[in-house]
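As a plain string of letters, each chain reads:
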Amino acid sequence: MKINKFYLVLFLLALVAPTALYPVFLMKVLCFALFACAFNLLLGFVGLLSFGHAAFLGTGGYVTGAMMLHTGMGPELSILAGTVAAGLLGAVYGKLAVKREGIYFAMVTLALAQLAFFFYLQSPFTGGEDGLQGVPRGTLLGMFDLSDNMNMYYFVLAIFIFGFWLIHRTIHSPFGQILKAIRENEPRAVSLGYNVNDYKWVVFIISSALAGLAGSTKTLVFQLASLTDVHWHMSGEVVLMTLLGGMGTIFGPVVGAGVVVTIQNYLSGGELGNYIHIIMGLIFIVCVLAFRSGIVGEFQKMVKKNF
Amino acid sequence: MKLMKKTVLAVAMSLATVTGVQAAGVSDDVVKIGVLGDMGGVYADIAGPGSVVAVKMAVEDFGGTVLGQPIEVVSADDQNKADVGSSIARKWIDDENVDVINGAVASSVTGAVTKVMTAAEKITLIAASASHAFTTKACSPFNAHWTYDVVALANGTVKPMVASGKEKWFFITADYGFGHALEKVATGVIKDNGGTVVGGVRAPLGTTDFSSYILQAQSSGADVIALANAGADMVNSLKTAAEFGVTEMMDVAGLLVFTQNAQALDPAIAGGMKLTTGFYWDMDDQTRAWSKRYMERMDGKIPSMAHAGAYSSTMHYLNAVKAAGTDEGKAVMAKMKETPVEDFFSRNGYLRKDGRMVHDMLQVRIKTADERTSANDIFAIEKVIKGDDAFLELSKGGCEFAMAK
Amino acid sequence: MATFLGINLFALSGQLLVGLINGSFYALLSLGLAIIFGLLKIINFAQGAMYMLGAFFAWMALNYMGINYWAALILVPIVIGCIAILIERFLVRPIAGEDHLYSLLLTFGIALVLQGVFTHLFGSSGLPYKIPAELSGGTKLPFMYLPNYRAWIIVISLIVCGSTWWVIEKTKLGAYLRAGTENPQLMQGFGINVPLITTLTFGFGVALAGFAGVLAAPVYSVSPDMGSSVLIVVFAIVVIGGMGSIGGAILTGLLMGVVEGLTKYFYPEASATVIFLVMVIVLLIKPAGLFGKEA
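Chains as they are written, first to last, in the numbering used here: chain G, 1 to 307; chain V, 1 to 405; chain C, 1 to 295.
Please keep in mind that the hints were generated in silico from the structure rather than gathered at the bench. Glycine included, every Cβ here is placed at the ideal spot set by N, Cα and C. Check before you lean on any hint, since a few could be wrong.
From the structure, some residues in chain V lie toward chain C, with a derived Cβ separation under 7 Å [unchecked claim]:
id: 1; residue: G40
id: 2; residue: D209
id: 3; residue: S211
id: 4; residue: S219
id: 5; residue: G245
So here's chain G without its partners, still in its complex pose:
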């Protein structure tokens, strides 16, 4: 009950937020929050560190962008196409990556993502270094003109809530319980007769499809899909968001995304733009050494201890 009230308050806040804050900024936070939540499904709940999640974000973005630019399809179908494409790529990459564990898993995903990066750099449909520019936002259900920032915001909010709900459901389903068992003690899960690699694979697909959904939405918001979204920096960023917010917590990635996007927003316009990587690197180091549960994780610990 308490949790439900908490979500209700957040939902109401999200509804009125664009009257106080710049809507494009809020949409960016929501897109990255969804991206980080999708990533956290792997890292936080199965213990798999994917260092190549940018590939799925970018795939969603490029496919959606290309659909909007070159076919007559509306934003709903284009986003769906982007999500499915990212899920399919996730199916292929996941199949390969789950063959290795731990650090190797991270290196394999990073290398596979780099493969995707070069593919998008060279293939003609992405516009190479130019990216896909001037992607129209279109009209939702033929009724709502998404070029209006407010309409777009509520659309993005709805997508985020859907993605968040799906992750929530996955974790709390019987399937999610098995994932938890794999994370806690993989050999035991194997001895109980679970085909661990298949479970990992399925959750990898879900995670990559949701990352693709975030990328598709982001492309519509910024009307642009570019190489930044498939670059390894982006894969690093989502790790940072999750780590900072608290991996393995439902809400941590959202907080982490909010903090990181705010920092970037604050730094990018000014003289401090150059410091962005230094600051992100320092946050990484501090998180790993002293702050491993992240903001939400530490907060939960504090609440448990004191109340």
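Using the hints, position chains V and C against chain G.
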């Protein structure tokens, strides 16, 4: 495509109704110029921080106010990334009342930024980009393309070389819009003059090792290797060519060489190379006087053509605001196109209907070590190319709105 | 020109040689990673940044202190090794007992900071470093003009890789190292200072990257991004070779350089991706890697 145009139009119209088109006067009581550039990347030396200084000089020289309102300059780093550039532009327009953007170097960024600006009916002064797309197929009534473009470069550099009997060409091309455009235009010039292109490779922006590309060029049997890249890429590819002894076997033509790049190169490698530029600091008294003031603010660094173009375009813009009595994009652009552009940078210049600023270009030769009298003594001017001969004709560009009337 | 079955042999040999030069760098970097992994079981994500640091230190030594290339080739790796020892002692060791993913993230953070600092100080456009006078010029081979410096890269990195392999596989010190990898507790029991060996190993593995950086300075322009792009390729090489053997890391590095060279001749469009594609194939056929020992 049709859908996109409709949306852009719709965005533009809805913005116009929201803000209410100002009939006269200055919006928000300030004229704000946003300078967007590569502040720390491969193009930082040829545009970037120096362009900010140049724009600020123009504002000061203009008097700091226009129509009784202050002129402000803000700047940001686009990191040569289209998404970063367009989101800064969007933020500037939505949140910070920026009236005009000067800058954006990489053509990918310029493309994205001009789309955002056009939708908001605000002017982009393009002073450093090379692609001619912004006044041809991607033209907009709100683009003003200063300084130079790929057509002027190809006409100035390639044509005389083909005419002198260097007929077989090999391209090393930067793999993005600018490089592709330069390669395409230069290829056209080569073929029109009876030459052939025997091969080419595309290298990503910021490639560190050009050795395998140079070897491909070497085995192609070409007379000339054309470097359709810029900045550090151009410097690195030329250095590698020299390292592998290619410069002794065939000619290397740098299609876009900024003064700073020529300065960074060993005169033993680059001396004698001919190229085309929109400006050279040591041309005459006028250019030297301005450059001296610029160098005082930049620790003695000489200005590039992009820096001079940033000053010239800002000054022309501010004069037009004054003449139009408003900072509203359409009216200012109309004035800019009415008035000739004549200053230390631009000779016989005018802003054409399609947004191309046509002015005289220079064909120069990089001086050898013996010829140089100082570290800043880099080019010898060989020939002045008349603006109308250098740039693409309006009728050939295919810019729809400019050809309609 | 010599051709065989439509293949331009001169051009092909040229590309193979350039591939071997790149392979030399891959070999040095993946050797460093393999040595560190052997004893510490961690992957040093900052290996690329240390390579970058090596190139920058060489540049700074020349321009600020007048230290020439030859001195830098010895001094810079030592300095970088010392930095690595501090990093191991104060940052890596405190989390030694945790999941190894944390050390990966920690070193990733270090890499970001280093890259950011040097971008801030020097910009990202790259700095020139002159080829030392002793090695300027080149030799005319029948199929290409080989710059002397490039030949030097191949020779010296083969020497360094070879002697490292010899020390680890054939000497008593190497035996300690290998034993420490297998069973650190037992080694400690024999009175061997395992933490010290661990720290020194980390220092040496990273110093190899610094050495590669100095070696690279004259041919690749010295820029803050030079490490990150090569590191991801080296990661793929590590996956291809497997972490089982020192010799495997060296061989795979050289081999992949050559494969890249071949691709540049036959199908240049794929030259940036070919190593990743090889990784995919290896994962399908022999997931543990070509020289990997684990199941």
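Status of each hint after checking the structure:
1. G40: holds, 5 Å
2. D209: Holds - the Cβ of D209(V) comes within 7 Å of chain C, reaching about 6 Å at its closest.
3. S211: With a minimum Cβ separation of about 5 Å from chain C (threshold 7 Å), the hint on S211(V) holds.
4. S219: holds, 4 Å
5. G245: holds, 4 Å
Violation of the numbered hints given earlier is absent; every hint is satisfied by the structure.
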